Amino acid sequence: MGRTSHRSRNEPAPNRRLPLKTRIARSLPIYIGLAPFFVLLIVFVGTPMVYGLAMSFTDWSVSSRSTLHFVGLENYLYILSGEGLGSTRFLKSLLNLAVYVPITVAIGLGVSLGLALIVHNLPRRFQSFLRSGFFVPTAIPLFLCVGIWLWLMDSENGLVASNLAKLGIGVDVNWVNTAGWAIALIIFIDVWHSVGFNFVIFSTGMQEISEDLYEAADLDGANVFQKMWNITIPMMEPIIFFVITYSLISALQVYDIPQILTSGSDPNSVGGPNQVMLFPVMEMVRNVRIGGEAALGRAAAEGVILMVIIIAVTFIMFKLRRKKV
Amino acid sequence: MPSRIAGKKRSRTGIILMAVLAFIWLLASLYPLWMIFSATFSSDSTNMSTALVPDDLANGWSKVVEAFTALDLGTTLRDTLIFTLIAIAGMALTSSLAAYEFTFFEFPGKKFLFAMLMGSMMLPLVLYVVPLYRQVFNMGLADSYLGVALPLMVSPLSVFILMQFMEDLPRSFIEAAQVDGAGHFRIFFFIVVPMLRNGLITATVLLALSVWGAFLWPSLVTGEEVKALSVAIANMFNPNFYVDPRVRFAAMLIAMIPPLLVYILFQRHVIKGVAMSGVKG
Amino acid sequence: MKKVLGAAAALAIAAGLLTGCSSSEASDPNKKQDLTLWVYSDFTQGEAGAVMNKVVDEFKKEHSNVGSVTLVPKNDADLLSGLMSGVGLPDAFSASARDAKKYRDAVGLLNLKPAFDADYAKGFYPKALETVSQDDGVWAVPFISYTPVIYRNLTVLKNAGIDPAEGTPTQQAFLDQLAKVQASGATPTHSWTKDDYFGPGAIMAADADKITEGAQDGKTTIRPEELERTFEVVQEIDKFGNQSMIYKADSTMEAFKSNKLGYMIGGPWSEPAIKQSGVEYDFVLTPPHEVGGRTGGLQGWDFFYGVESKDETRNELVAELLKKLGSYDVQKEWTLKTGRPTLRQDVMDDPAVVGSSAMAKVSSEGLKGGMPQMDFMKSGVFWPTAMTDPVAKLGAGALTPKQTAEEFVKGINSLYAEAGE
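Same order as they appear, the protein sequences are chains A, B and C.
Positions 1 to 325 (my numbering) are the ones given, in order, by the first sequence.
Positions 1 to 281 (my numbering) are the ones given, in order, by the second sequence.
Positions 1 to 421 (my numbering) are the ones given, in order, by the third sequence.
Derived by calculation from the structure, the hints in this document are not laboratory data.
Some hints here could point you the wrong way.
[Stated by the list, open to error] FRET-style restraints, in silico, Cβ to Cβ: (1) B/Leu-27 - A/Asp-172: 22 to 28 angstroms; (2) B/Ser-210 - A/Thr-47: 45 to 51 angstroms; (3) A/Phe-70 - B/Leu-265: 50 to 56 angstroms; (4) B/Phe-185 - A/Gly-72: 28 to 34 angstroms; (5) A/Val-308 - B/Val-65: 48 to 54 angstroms; (6) A/Asp-172 - B/Val-65: 54 to 60 angstroms; (7) B/Arg-171 - A/Ile-24: 34 to 40 angstroms; (8) C/Gly-218 - A/Ile-316: 52 to 58 angstroms; (9) B/Arg-12 - A/Leu-219: 41 to 47 angstroms; (10) A/Arg-26 - B/Arg-171: 39 to 45 angstroms; (11) C/Lys-402 - A/Gly-180: 45 to 51 angstroms; (12) C/Lys-402 - A/Val-308: 51 to 57 angstroms.
[Stated by the list, open to error] Interface residues of chain B toward chain A, partial, derived using beta-carbon atoms under 8 angstroms: (13) Ser-45; (14) Ala-70; (15) Leu-97; (16) Gly-140; (17) Leu-157; (18) Ile-254; (19) Ile-257; (20) Phe-266; (21) His-269; (22) Ile-271.
[Unchecked claim] In the DMTMM-like style, the derived pairs of lysine to aspartate or glutamate whose C-alpha atoms are separated by at most 20 angstroms in a straight line are: (23) C/Lys-337 - B/Asp-244; (24) C/Lys-54 - B/Asp-72; (25) C/Lys-31 - C/Asp-349; (26) C/Lys-410 - A/Glu-83; (27) C/Lys-122 - C/Asp-105; (28) C/Lys-219 - A/Asp-172; (29) C/Lys-275 - B/Asp-44; (30) C/Lys-368 - C/Glu-130; (31) C/Lys-275 - B/Glu-106; (32) A/Lys-21 - B/Glu-106; (33) C/Lys-60 - C/Asp-389; (34) C/Lys-239 - A/Asp-172; (35) C/Lys-368 - C/Glu-312; (36) C/Lys-32 - B/Glu-106; (37) C/Lys-393 - C/Glu-130; (38) A/Lys-92 - C/Glu-407; (39) A/Lys-92 - C/Asp-389; (40) C/Lys-260 - B/Asp-44.
All values reported here derive from a predicted model rather than from experimental measurement.
Every residue, glycine too, gets a C-beta built ideally from N, C-alpha and C.
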């Protein structure tokens, strides 16, 4: 991701010494070719994004559509103040996010990397078979995964929950509505859904590691685990980095699973009792649904805060990587 | 390599242990699908959570029929298919053109535009979905196939994947065509596109899976003219009106068939596409 | 394949453009009007769907200038997000009365006053009529209502030695029965604290006479003392509840259907599932504090709303259609066919209706003593939801009933503060 060095080896690059105007004029057909994609990008991503950003500084709401006021940072101050329902809910959703994201990313990474290492060492004939199977949950849309897991985690009879209870985990717990367990439930569903995707990335990456390295290690008498630790993992470093970054970005936007699990006709019930399953995007959608003064402006401000978090996390990840290399 | 490892005695137990673990996850991946099937095709008096084997096929079939008639699943499937196809068509044209320009040419502003493309991969739809909805409505496209499909066809990931495929194309073809005086777009349509078959299939299948599973956007923008499958299914989770759980399972089973079919048929391409999105890390 | 794709796309694009254009056409009085109604998903299915379709067919016959009437299923959540984004309105919609104020604020609702002549209006429950009539207008047609009921598994009761004919005359009687079920080895009930306001709200409504609901200066007029007794009872009931079961979950229903669960709270919408399973069951109103006390739980109402279209002909048609939906004949047929209660008193007191189904009978009773969920149409604050969080803490033992009541009142106040009322 993020690498722009697609040097065209054969195409006579526009002469850098020519004036910019000429270079632009000569590239006209190129811009025409890029236009359809970028027009769509600007109309359906850029404009709404900028609009949302601008509206986060106003008292944008359904009832006050005609008289929009600039309110400066008021929406931001309100949702971060800790005073009032909209604020306590939003802060709670950030707290849930802070618990959910690291755990789900770590478990998702651990399981998929572990499986990839295992499969890498199994005979070839199993490899493609296992890979096909592992990817199946990823091919199933998330809204269907939720429906499936509701039954598996039914505390009375659900196959997974009742077996966990036998091991002493979550005895007499309703996973959907109980603090802590609710987040565990979302992690279960998310990991189940996303492992296939990460696995495929890891497993393909491992196949591209040169055989010579392993042969050299064999000569040194290294066993399977030493080879994993000393060759496979270091060679996979860039891919692991990509998967972590990608998983972080998608985990920060968690929405479908908890929304479907706790949605009802009452907007305030979204997220479950005591907001055990409330996440920022859900709180944004709640603001849209409850209407009221500046509700849409607040929703927009929450979107901006979440975006800042996403950008910051991505930035930190790239920083960390640069330091290492 | 596998044979070499297997040849080492001390690793054999390790291998068996690893194989067992892998098969456990395989079971975890596939069992829930079986559960949906067996719960749907079980008799009404069986406890659905513990229905391990289908014990009443006729009852299950009646639930499937009910899902189609009472929930109007046929229309929903058709509509979802139509907007998925439009999104794919739009993506194929716009993304492959953009990938073509980025891969083969240098031009002023390339770095900036490419950064914009990559940056937009990070921006989730949920963050700007409300302004987007108003935008689409103001364009007169709310509750139309095109309205659902347009925002979904903007796929930076597809551009990225198609670029990977294009890099592997022999550049000599393009050079030769340029020498012959073929135009910019002529080269694209008559030389690049025909060679891009695999890339297009990969991007198409990945987009199809994600559009089929999209929930938030269709739930806002669809309604009377267009009915989305994800919305119809999520509606059934609404606690304040009753849908027989087996009918719901039957509907889920039906909703699952198209993506699974696409995956099974184009498995090689799906896996290649997913791998590509990560390999260039 | 590619050609097919292209053709499909072209067709669809053309269709999309056409849909976009048609809405901007100028209206012409002789032109046939196409009406769109957003209704709850279950209004398009089964018996309810059949009643709705019949009404629509008759309406089309009665009005020659109606082209089509389309019913689009939308639940409250979709509807709210759609309407609150301020775009994409149908001609009429059915929705919870809880959001009535939001709709009035956000949408130009059609004034239905001309349709409510005295003869027509007097059939509704006075409270319902009063609610929809505000500021010299009538803003909705009262339609259905529901009363929470407790479903009883008669097999479980028999095994526990409980005579169903006793009913549940008081909360204490209910607790005694729960204890008997527990002694018999079955699960008496589900958790009454882990889900939403529904169960505890029904208990609270038994104290409706004492609760001073209302708002003053952005604060609720309810005092914590008024609610203490409610939460004491909820805590007692919850001791018999299986804490991993919530009333909403499918698995709770499955346990009830397989004779493992004795008592389950629910709405009229739960009955078809139970009936279909063939299990022996009946249902009763939530118990009052003392014999003959108030019962009927918190009542949810649903209205039909019209949307002002700035087109006289269209407005008239919408008003006519809504009037028809709220008429004695339609609402009676609705109740007879679906078993679900309506907000027309003349229907709910009609002996034919009361005798038609157990649900109609119980609901008719419940409508007399129930407490409205909130101040519909005047306020946007659905205050009972504020009990969800403290009640969950009560169930977990983190709060006493007294503290629960205090937290609840605090919660109500923050709802008022957020709504700016």
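So, going through the hints one by one against the coordinates:
no. : hint                                      : result
1   : B/Leu-27 - A/Asp-172: 22 to 28 angstroms  : holds (27 angstroms)
2   : B/Ser-210 - A/Thr-47: 45 to 51 angstroms  : violated (22 angstroms)
3   : A/Phe-70 - B/Leu-265: 50 to 56 angstroms  : holds (54 angstroms)
4   : B/Phe-185 - A/Gly-72: 28 to 34 angstroms  : violated (49 angstroms)
5   : A/Val-308 - B/Val-65: 48 to 54 angstroms  : holds (51 angstroms)
6   : A/Asp-172 - B/Val-65: 54 to 60 angstroms  : violated (39 angstroms)
7   : B/Arg-171 - A/Ile-24: 34 to 40 angstroms  : violated (24 angstroms)
8   : C/Gly-218 - A/Ile-316: 52 to 58 angstroms : violated (42 angstroms)
9   : B/Arg-12 - A/Leu-219: 41 to 47 angstroms  : violated (20 angstroms)
10  : A/Arg-26 - B/Arg-171: 39 to 45 angstroms  : violated (19 angstroms)
11  : C/Lys-402 - A/Gly-180: 45 to 51 angstroms : violated (26 angstroms)
12  : C/Lys-402 - A/Val-308: 51 to 57 angstroms : violated (42 angstroms)
13  : Ser-45                                    : violated (14 angstroms)
14  : Ala-70                                    : violated (18 angstroms)
15  : Leu-97                                    : holds (5 angstroms)
16  : Gly-140                                   : violated (14 angstroms)
17  : Leu-157                                   : violated (10 angstroms)
18  : Ile-254                                   : violated (10 angstroms)
19  : Ile-257                                   : violated (11 angstroms)
20  : Phe-266                                   : violated (10 angstroms)
21  : His-269                                   : violated (12 angstroms)
22  : Ile-271                                   : holds (5 angstroms)
23  : C/Lys-337 - B/Asp-244                     : holds (19 angstroms)
24  : C/Lys-54 - B/Asp-72                       : holds (18 angstroms)
25  : C/Lys-31 - C/Asp-349                      : violated (42 angstroms)
26  : C/Lys-410 - A/Glu-83                      : holds (12 angstroms)
27  : C/Lys-122 - C/Asp-105                     : violated (27 angstroms)
28  : C/Lys-219 - A/Asp-172                     : violated (38 angstroms)
29  : C/Lys-275 - B/Asp-44                      : holds (11 angstroms)
30  : C/Lys-368 - C/Glu-130                     : holds (16 angstroms)
31  : C/Lys-275 - B/Glu-106                     : violated (71 angstroms)
32  : A/Lys-21 - B/Glu-106                      : holds (15 angstroms)
33  : C/Lys-60 - C/Asp-389                      : violated (48 angstroms)
34  : C/Lys-239 - A/Asp-172                     : holds (13 angstroms)
35  : C/Lys-368 - C/Glu-312                     : violated (38 angstroms)
36  : C/Lys-32 - B/Glu-106                      : violated (58 angstroms)
37  : C/Lys-393 - C/Glu-130                     : violated (37 angstroms)
38  : A/Lys-92 - C/Glu-407                      : holds (17 angstroms)
39  : A/Lys-92 - C/Asp-389                      : holds (13 angstroms)
40  : C/Lys-260 - B/Asp-44                      : holds (16 angstroms)
Figure legend: structure checked against the earlier numbered hints; hints not met, in rising order: 2, 4, 6, 7, 8, 9, 10, 11, 12, 13, 14, 16, 17, 18, 19, 20, 21, 25, 27, 28, 31, 33, 35, 36, 37.
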